[in-house]
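*Asks:* Start from the sequences and build out the full structure, keeping to the hints where you can.
Next come the chains, spelled out residue by residue.
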Amino acid sequence: MNNPIRTSDGELLSVKLKKAESNKRNIAFLLVMPLLLFILVAYILPISQMLQRSVDNTQMNSLLSETYKVIQDWNGEELPPEEVTKVFYNELKYLAENKLHGKIAVRLNYEKGGFSSLIKKTVRKLDSFDENENILDQFIKVHKRWADIDYWLALKRATVPYHFRKYLASFDMIQDFDGSIKRLEEKKRINVTLWLRTIFVALGVTFCCFLLAYPIAYLLSVLPTRYSNILMICVLLPFWTSLLVRTSSWMVLLQTQGVLNDILVSLNLVSDDNRLELMYNMTGTFIAMTQILLPFMVLPLFSVMKTIQPSLMKAATSMGSTPFNAFRKIYFPLTYPGISAGSILVFVLAIGYYITPALVGGSKGTLISNRIAYHMQSTLDWSYATAMATILLVAVLIVYYIYNKVVGIDNMRLG
Amino acid sequence: MTEVKQDFVKFEQVDKSYDGEFLVVKGLDLDIAQGEFLTLLGPSGSGKTTTLMMLAGFETPTNGEIYLDGNPISNIPPYKRGIGMVFQNYALFPHLSVYENLAFPLKVRKTPEEIINEKIKQTLAMVSLSDFSNRMPAQLSGGQQQRVAVARSLVFDPQLVLMDEPLGALDKNLRESMQYELKHIHESLGVTVVYVTHDQSEALTMSNRIAVFNDGYIQQLSNPNDLYETPVNSFVAEFIGENNTITGTVKEISGNRAKVEADTGETVIANPIAVSSVGEKTKMSLRPERVSINPSDLENKFEATVKEIIYHGDHTRVRVNILNDDQFILKIPNSNDEIKLNVEDKVQLGWSGHDCRALDF
Ligand SMILES: Nc1ncnc2c1ncn2[C@@H]1O[C@H](COP(=O)(O)OP(=O)(O)O)[C@@H](O)[C@H]1O
Ligand SMILES: [Mg+2]
Chain V
303 MNNPIRTSDG ELLSVKLKKA ESNKRNIAFL LVMPLLLFIL VAYILPISQM
353 LQRSVDNTQM NSLLSETYKV IQDWNGEELP PEEVTKVFYN ELKYLAENKL
403 HGKIAVRLNY EKGGFSSLIK KTVRKLDSFD ENENILDQFI KVHKRWADID
453 YWLALKRATV PYHFRKYLAS FDMIQDFDGS IKRLEEKKRI NVTLWLRTIF
503 VALGVTFCCF LLAYPIAYLL SVLPTRYSNI LMICVLLPFW TSLLVRTSSW
553 MVLLQTQGVL NDILVSLNLV SDDNRLELMY NMTGTFIAMT QILLPFMVLP
603 LFSVMKTIQP SLMKAATSMG STPFNAFRKI YFPLTYPGIS AGSILVFVLA
653 IGYYITPALV GGSKGTLISN RIAYHMQSTL DWSYATAMAT ILLVAVLIVY
703 YIYNKVVGID NMRLG
Chain S
22 MTEVKQDFVK FEQVDKSYDG EFLVVKGLDL DIAQGEFLTL LGPSGSGKTT
72 TLMMLAGFET PTNGEIYLDG NPISNIPPYK RGIGMVFQNY ALFPHLSVYE
122 NLAFPLKVRK TPEEIINEKI KQTLAMVSLS DFSNRMPAQL SGGQQQRVAV
172 ARSLVFDPQL VLMDEPLGAL DKNLRESMQY ELKHIHESLG VTVVYVTHDQ
222 SEALTMSNRI AVFNDGYIQQ LSNPNDLYET PVNSFVAEFI GENNTITGTV
272 KEISGNRAKV EADTGETVIA NPIAVSSVGE KTKMSLRPER VSINPSDLEN
322 KFEATVKEII YHGDHTRVRV NILNDDQFIL KIPNSNDEIK LNVEDKVQLG
372 WSGHDCRALD F
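Order-wise, the sequence lines are chains V and S.
Going letter by letter, the first sequence gives residues 303 to 717 in the numbering used here.
Going letter by letter, the second sequence gives residues 22 to 382 in the numbering used here.
Each hint should be verified, as a subset may be incorrect.
So, partial list: chain S residues that the calculated Cβ filter (under 10 Å) puts toward chain V [as the list claims (entries may be wrong)]: (1) M74; (2) A77; (3) P99; (4) Q109; (5) L113; (6) F114; (7) H116; (8) L117; (9) F125; (10) K128; (11) R130; (12) V176; (13) P179.
These aren't lab readings, by the way, just hints derived from the structure by calculation.
All C-beta atoms, glycine included, are put in the ideal place defined by N, C-alpha and C.
*Replies:* Set out below in structure tokens:
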């Protein structure tokens, strides 16, 4: 009864089918091969590099590798025992001889203020140490800070190969010596504000884009082709202009002496000595980003609306529904795939937007991406920058995840 | 019994133009009785949909007035007209289940939940889809979607239902069975139906009356039988059913008999329907089944040559050359097995003068 089906030449059908399919599969694989390689080289490798760099402390770890090995066993409750201080002394001496102690001084100073001068002072006195005497006592004699257990704890923490302090710092937090995590003092907090502002701007821009794009997309979908083509070109025009040019033209429009203010003044809507501050604040960032990201909302909406049959609205109306209700109950729900696709696109682009907030945002309108760039270019603290970039990446992935749960990624219509 | 309203729907001198240059519907006068199944039949572009849309309220007449149950409706928006509609592409709401689709018109009317449930159950049973209420439209076949669309147009008990080529997208067998189903639903509910189609056999099967549209005019308005048997002009004769045409010139008219000289010179006796004077050009229309082979006592008798024989199961179609026209068709029922024909046989054909209708040219 349960005989497996065979083809006419006696082979098992399932085997034969697999053979036939495997050829197809191989061709398909060859076709995507270049893309896979490209993604690997241009995407996966850099991102894993970035992830690694954000937690990387191997330089410090290798400079003080012997110290790291012994100091990890120290319990940290009282000053370290002689074998620890002795190893540290030896390594410090070696570094000093090779003029490498400056590096650890800077790094240790991050961990605990005053460490840099402590190292420098100690290095100067290293020659006078007697290796047969108690090393810790001699350290304390050079500088009494060595008697403060916090410095030794800082040393212990600074020598681990991997750490998460940049992630904490990205949220204005720091790990205390007893291991507890606490917030930075009030005036040093900056990142959390930026994160919140970034999310606020991204959400706001997404919403504004939605409000502006919906009617445009609708018009595009119902106009006869010859008109809708012209309108479509208007919508796409920004794509053909350099981002920098568009942002700069917004600067021309928005400045205090700019076109927009001039018009408002000449219409007597605003007095001349009371011109609106439209730039170098959130308003500027908001307006410019909304305009620049608008097409990303229009296109998915348009492609969804194009497929909605006009007869659906007629059917709803003929059944007694007012045009407004027909829109609310029938048309609008049918555009959800477009709304969600457009929203996620705009949101994800907005959350990492860089040039526009950098140029028109001023100090009150910069976003987290500007902070990342700042650490990349000015402070050169790449691990800080990559930690923040990683957080941004994770945030975007979370948004995708939620989107997939709520809407389903296969409901996305991008065009 | 209350008297049936003969003018439940009334079109009065309705014109419609979309572009201000060309009239799509011209001076339309049409009365539709309550409970009637009236079909608008005509070729594509003849203004049927436009007429229907004016009645539904999605297009406004350029001139004239439409009355529904005695009241002018020009100023009533579509959602207040209470007219059910079935669209050619079904227009089911793709994001709503069958149940929700049917509940839509009831919810709009704020019908209580229990009554909604009851009505939907009844209506789905009527179209034999009782088990499908939780399906989404995309999970249904074309015929099932079509029945949901019909159910949805009927579920809120409208007095008038409009259907615009509702069966156009179905295959032939399904279309035929749906025709009967729709006809039975109409009979059991007594609702007034205005039905649009370009398929004449569909119109003949289903309708009480048929309005044949062409060029924005109603060419003929009558019941299916009269339409087929007694077409009043050559457009209708050619559009409805199969038809043989003989062209000629009227030589003599007396009462319901005319002598017409065919273009080939022979004299044909015909029934003057749309001709009134001697010398007029005419197209004579003759149904294929009205022609007999080797007749004994008919007024018109001519010799013909068999050109083609096509077997059709219940009948055989024979194409012959007669009066110099080789597209002349006759139908022979297959029960009649005395007649054996072969291609290039010469046969005598005949028909009565009454069946040969002299129409406009
Ligand atoms: N919305 C419209 N705008 C302009 N012309 C139209 C419109 N709808 C129909 N027409 C024209 O009106 C004529 C009749 O169309 P229609 O009523 O749809 O015919 P039917 O339904 O009999 O095929 C056609 O020539 C068509 O091109
Ligand atoms: Mg039509």
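*Asks:* Would you mind marking each hint as holding or not holding in the structure?
*Replies:* Hint-by-hint comparison with the structure:
1. M74: With a closest approach of 9 Å, the S:M74 hint holds.
2. A77: Since chain V brings a Cβ to about 6 Å from S:A77, closer than 10 Å, the hint holds.
3. P99: holds (5 Å)
4. Q109: Where the cut-off is 10 Å and the nearest Cβ of chain V is about 8 Å from S:Q109, the hint holds.
5. L113: holds (8 Å)
6. F114: Holds, about 6 Å.
7. H116: holds (5 Å)
8. L117: holds (8 Å)
9. F125: Cβ of S:F125 sits 6 Å from chain V, so the hint holds.
10. K128: holds (9 Å)
11. R130: Holds. Min distance 6 Å.
12. V176: holds (9 Å)
13. P179: Check passed: Cβ of S:P179 comes within 9 Å of chain V, closer than 10 Å.
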